[in-house]
Amino acid sequence: MMANYLNVYNFIPRVLLFLLSVLTLSECLYEDQVGKFDWQQSFIGDLKFAFGDASGKRGIVATELNVVAALNLKTGNILWRHVLERDGKIEYMSMTSSGEAIIVSQGIKSLVRAFDPVTGTLSWEWTVPSSLPVNRVLWAVSTDKLYAVTLNDGVGFAVQQFNMRTGALIGKWQNTAPWAQKDRCGLSRDILACFSGKNLHNIRFSQSDVKPVTLELSQSIAQLQPVKSGDKPGVFVDFESTGTVKSSQVVFFAEQGQSNVQCKTLSSPAQWVTYDSSQKSNALLQFSQKNEELHVIASDCVSGRKLEDLSFSIPWPTSLQPQLKTVICGPNKDDLSLCRLLLRTSDEAVTLLQYIGKVLWVREEALASVVAAEMMDLPVSDKDAAIEKEFDSKEAGLLGMFGRRLVSQALQLQHLVQAVLGLHEPHQPSGQRADLVRDDFGLHKMIVLATKAGKLFGLDNFNGEIVWQKMLLNVDTSSMQLFVQRTTRHGPYPAQCSLLLKDKDSKESVLYTFDPMTGLGNRKNLGYRALQTMLLPVMDAESLRPILLLDSSEKVHIEPRSAISLADSFASSLYIYVADPATGVVRGYTFAQSTSERLVAARVWEVVFQPESQTLVNVVGKNPQERVHSQGRVLGDRSVLYKYVNPNLVAVVTQGTDTLHKFVLNVYLLDAVSGAIVFSISHKRAREPIHLVHTENWVVYTYFSEKWRRTEIASIELYEGKTQSNSGSFSSLIAPPQPLVERQSYILPAVVQAMKPTVTEKGITSRHVLVGLATGAVLELPWMFLDPRRPVTVTPEMREEGVIPYMPELPIPPESIINYNKSLPLISGIHTAPSGLESTSLVLVYGLDLFYTRVAPSKTFDLLKEDFDPFLISMVLVGLGLASYTTKRLASRKALKQAWK
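Residue numbers (mature numbering (1 follows the signal peptide of the UniProt record, and there is no 0)): -28 to -1, 1 to 873.
Don't read these hints as lab results, they were simulated from the structure.
Calculated lysine-lysine pairs in the BS3-like style (CA-CA distance at most 27 Å, straight line):
1) K476 / K262
2) K144 / K61
3) K204 / K154
4) K330 / K262
5) K218 / K204
6) K479 / K424
7) K330 / K278
8) K794 / K8
9) K594 / K527
10) K154 / K218
11) K794 / K61
12) K278 / K200
13) K218 / K170
14) K594 / K694
15) K837 / K794
16) K594 / K474
17) K694 / K615
18) K527 / K496
19) K873 / K860
20) K831 / K615
21) K20 / K204
Beta-carbon label-pair distances, calculated as ranges:
22) G375 / D412: 24 to 34 Å
23) T186 / K634: 48 to 58 Å
24) S450 / D125: 28 to 38 Å
25) T186 / S525: 50 to 60 Å
26) L94 / V557: 44 to 54 Å
27) T214 / T186: 21 to 31 Å
28) G593 / A194: 44 to 54 Å
29) G375 / F413: 31 to 41 Å
30) L415 / T767: 34 to 44 Å
31) D448 / S525: 12 to 22 Å
32) A564 / S450: 28 to 38 Å
33) Q146 / A194: 22 to 32 Å
34) S602 / I649: 24 to 34 Å
These numbers come from a predicted model, not from an experiment. All C-beta atoms, glycine included, are put in the ideal place defined by N, C-alpha and C.
Produce the complete structure using the sequences and hints provided.
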């Protein structure tokens, strides 16, 4: 018995030791906190191909961003989504006879894939032979075979027949066809159709011994498109226009031995064919827009008779040009046939229409191609505006200010009574939503997004809801710049933003000035091409920061033009630089020779990076709105190392080639006022992709090391030394001492897609670097890990300073991933903005998806905890007050009694 007790006694410590060994300290997100301060919106991108599945409940789509997905046709939500290779491109998509979605994508390797339409699982995959140029091949699916037709212009075509599931080459053959040209041909099922003049040639390429058939039409053919639906293969034929009249025809190709079917000539081009089972014939769908209405007209193929059951009209903006991608038919709840039209419009939106003319849903896929972003403070409420008006009025006199004080306090009392009684109805006189008002902590903002589609959006940052949208027509969006000229803090003037882009035809600059709260604005064609732009650092009488523009002929313009005198008043301190990647030249200009009537730009310096040996990759300046709270860094020996804070410093990145090292990456720190190169560094056998962050006195950038085949991240920190040369404002014209440079490189075990530092209102909070990874994670990396002063051996002074030992590989702890399990594919940028709380920075990650959240690099030191109980604290304070008063009374009585003894 004693032995058993001893065994149990020895066993218990072992169990406890084992349990302690498996326990780890971890940080996590509570389930009720998910989505409380963050949200995600998922997209698919600009629609390229679309098909309906057999059930009619799902739409299988492929996009320009190399994405394959299935959409719920009832709600428009994404059922499943596959993001393929980042640099790939989907060249072909179709549905097989067994129901799978088959795609052919081009990339480093060209692949044929098939997906199950219900679950999205990969059914099969095989590699296209490298000898087959995927982007110059016409593809077609017939039963269990995949055909690749290669056209040799003016000679003929070659056909390769593959087993659709295994990729095995079944056969190949060639045909002579002098009329075969890629821009004049198309495939419809197993028919190759081409045109020349009035002749329409077609051949069944799935058979090697079949001769082509030529059909002569009534007019010369201008364009040909294959029919993707209907009961037979066919083509849409657009005839050459005679004056303003455009006509078209649809031709269906019959089986061998039968006659082809020529539909009746139409007055406008048809866009789709659907099979009308009740009439047992093909119906042609035409679109026409007139008086802000979209008319969908269905007509019988042979007779041309209008089919009323399939025709409808719906209100539609004339600026949104619809493009029909597919017609999906399926049974409804009453087992009747119900057809829906999936449209792609010119603003990259995806719309589903029912035949009754009802819009079921709209997906704003332009949000998958965001180019520029800003976060704007919301306007104050009516009550706060009245208070601000009271204190802003300094010319009303004593009685006037006293009267305004009484009116504002009466208004506050009225709001209080209404709020207590539940009668308060918020009112926003400017036509905005009543809930879009500034909160106490400055966390509620308007997100302004400019997209590659030329569409502007205003989003509520609390839930991602679209507040307004604006489509800009006939613009080139290859380069866009978004400026904030006036915020909502300058009432009664409304906030104002400006978007600089190019006209699509003339390539001249266009400035769209708008109110970021409503999207309403004015478009102005500038009549010149802007080379460089900048916001003036001062405001005019209406609290507006003018935009200064330098055009291609080095003439200076300013918007609004009434601000010329304002710019001239401090033109001697204005400088601008222009970088030309084509020539490798970076030039600096001064405006010191300007007059009150005309601004003049004069060259003062020029730096040439020889384009034969190196190419300009990127030029990154500092955020002109950033604030540096501390000018120095306190060391362990109590001395101060002063930062080299040069607001005119820009980082220039060039990619060079070398016969020995292949790739050479160069980073130059250039003073944009004097043209002096402050510091430069070269990395051998390093190349793009390069992402760079430049703020305060440090620069962080990532590159790919060809030598070690990995991503490395380098940090550079600049200091003036232990004596500060200029404690006031910095001047690039007074040569400061050469800065002390600390630099270090680290290994980042991930592929970087975007980087951005956090920003706060006063700059007191520690800065963290947000890194968007190819895995879909967004890493919050503290500066202490990137500090170039990290030594191999830490001294006691450095330990007291808070410097950690050097480790070559940077960790990626899961608790530092700010989007936890919400993967964000194809990240293209990160935007950060300050809030009213110094501890909190607002973050928007954009790419294929949108993700918004808040981060607190130094924790929320200016906020009470969530479990703070004000009632309990109040009761404790009341209890302490009563106890203090009671104790005081008892003590005074005791003292009185002792005095009488």
